[in-house]
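Q: Chain G is fixed; fit chain S onto it per the hints.
From first to last, the protein sequence lines stand for chains G and S. For the first sequence, numbering that gives the first Met the number 0 gives the first residue as 0, with consecutive numbering after it. For the second sequence, numbering that gives the first Met the number 0 gives the first residue as 0, with consecutive numbering after it.
Nothing false has been slipped in among the hints.
The calculated label-pair distances, taken between Cβ atoms and stated as ranges, are: (1) 226/S - 253/G: 25 to 31 Å; (2) 177/G - 109/S: 54 to 60 Å; (3) 209/S - 71/G: 42 to 48 Å.
If you're looking for bench data, these hints aren't it; they were derived computationally from the structure. For every residue, glycine included, the Cβ atom is placed at its ideal position computed from N, Cα and C.
Each chain is listed here by its residues.
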Amino acid sequence: MSKKIYKNARLLDPGSKLDVLGSVLIESGVIVDVGPGVFVDAMQDDIEVIDCSGVCLCPGLIDMRVATGEPGNEHLETFDSVSNSAAAGGITSIICLPNTEPAIDDVALLEFVERRGAEVDLINVRSYAAATKGTLGLEMSEVGLLYQAGALGFTDGHKAIHDAMLMRRLLSYTTVFNTMVIQHPEMVDLVGEGVMSEGTVATELGLNGIPPEAEVMLIERDLRLVEMTGGKYHVSRVSTAASVDAISRAKSRGLPVSCDTTPHYFTLNEEAVRGYRTFAKVSPPLRSEDDRQAIVDGISSGVIDAVVSDHSPRDQDSKRLPFGQASFGVVGLETLLPVTLEKVHEKSISILDALAPLTCNPAKLLGLKEGRLQKTYPANFVLFDLDRPFVIDGDTFLSKCKNSPFNGKKVSASVIKTIRAGNIVFDINNSSID
Amino acid sequence: MVSVKNSVASVEPVYRFKHLLGIEGLMRTDIEKLLDLSDRYVKSNRLADKKHSTLRGRTLINLFFENSTRTSTSFELAGKRLGGDVINMSVGTSSIKKGETLIDTAMTLNAMHPDVLVVRHADSGSVHLLAEKVNCSVINAGDGSHEHPTQALLDALAIRRRINRKLDGLKVVICGDIAHSRVARSNILLLGKMGATVRVVGPPTLLPVGLEKFGVEVFHDMESGLKDADIIMMLRLQTERMTGNFVPSIREYYQLYGLDYNKLKFAKPNALIMHPGPMNRGVEIDSELADDIDRSLIREQVEMGVAVRMACLEALVSQQMISTKDH
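Bound conformation, chain G alone:
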């Protein structure tokens, strides 16, 4: 394979705090040189030159929380559709949740996910394994065997690990393997019949509320168990100021704790539910404006390690329903980068602080050699234009599902090209979007 050079790009590598005009030289799917002073003799070497003037180049996004439909719900999403949707969003690696049918709680099922991802071969597809058998929250799954087979973490996905004794044993047992337990932060007893965040909007709309405390209470319980066991613990999707505060304090005490959030928690608040918009029905629910602001601050301060799409494909049948009956969840692969970059445009988060939770931070949490613009790293990166506005339109999504809360929102940045292992896996010029 010949060499390629991406020239005159604004190189953004949050892992090394690099923000400079320069080039990336790649060969055989690997970065061989990067920086402002990459010199190649185009006359001597057989090099393809791609001019990237006016465009940003950053590591390919690592989305550490994606729900797919395979196996069991292929009508919602397949590895083909999820890979194309991710590539269109500048994402070169996804980590799948185990909430499939059947749940990924067995080595054979884990191998199925990785094999299907490799068959499509557009992006890197990896998976978590169920923390409990069948994600039923009753018995620990075969953590050791699943870890050896490549599971990147253990979670019951969108279900909380409720039983404190089981959580203690999980955190304790996983210390042997240096892997993490990923928690859905909601105390189920307090969620009850709730469908949106508890507060004046819920009261006005006559909807059952979920108290924001339900989130931090489970996190605080778990933090005690982390202290007891030394297990690595990751909270997936924090949505309240209290949660950010609890995790911040745990980190400052040196506990092995991390967390992520999604664009809707730092972009939208509970007002988005007005009109009984089921596309704004998510779990945990959209919170108050103060909470939203705390999530923005949590990203800037680094308390929040990662930003994930929490891509949750839902069909019309499960969303075109009275609010109380509709499913929780939104799609997010194709809006993850543009919506996050809106915070950069608003100057509420710096560009490197906005990109780190999408690239080097998840790579570090998961132990992946990705997410950096560095020699010997795989040539996974995304070219995006910070000033190429478009209006988000669910109908153009490559995902099979269109349930986005950002439908109709105008955003400033567009993904231009996505490169994975040196190959272009998405190009806006070949896409029907443009």
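A: The following block gives chain S in isolation, referenced to the frame of chain G:
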């Protein structure tokens, strides 16, 4: 040198205490004396005539509130070979089934003037409670997850006889379900007193907290835990003492912590394998390995059991005679 046949008359007391409730409280010299006496019974048990008169006229009651094969049988044999009258009581036939409390049962039996009570019970500390209420000597044959002193003694005897020297400096690795194991606790105490280095290996869910304070090195994987091991003691998963799942599955447990020839390579080339029984082949130990006479001490452990229990019975009865004389 006194002969075994009339060692009851020995002037030097073999044992200083009224009961044998645990390894805790014993000194190295106490243990060595019991092992020396056991050694002589090993020889005597291999003869055609195994009978002694040490316990003539004495009554031994085996009171087992938990199921047992090897321990109850070996105490019964030990008592009979020493010439005592042996009564076996197990839960199925006792008044416990009819709602009698532990202490009432003890008082009832005490009224019949037994000389030694051998007690096994599922609750830690229950044998000590019972010992406070009776006049006779009590041997703890296993209380909950607390102690099983005769098992630790027979393990030490089996090791000592095989390596033909004292236990000082030996590296002994105890693997598996330490949390629920009384055998592990008694062995950790005994081996420490005898100068051996003790390690434990197991998943964190099966290791009780604070083990380091017992002078034990803790490992979570077999490769590093078994390094340079002289002796490997495998323990059974005590599922009857578990609520909820401590390990995900048997197949995962076997793969990570089950002893097979591959994992054995991490230990010293001639490392010996022990198991207190009952064994679960294919769970904590490979079947072929368990039967490998070059590496496995498992059958010797059972043989040592009878001798050690004879020694303990003799020790208690001779102590009773000395203390009676004193009064």
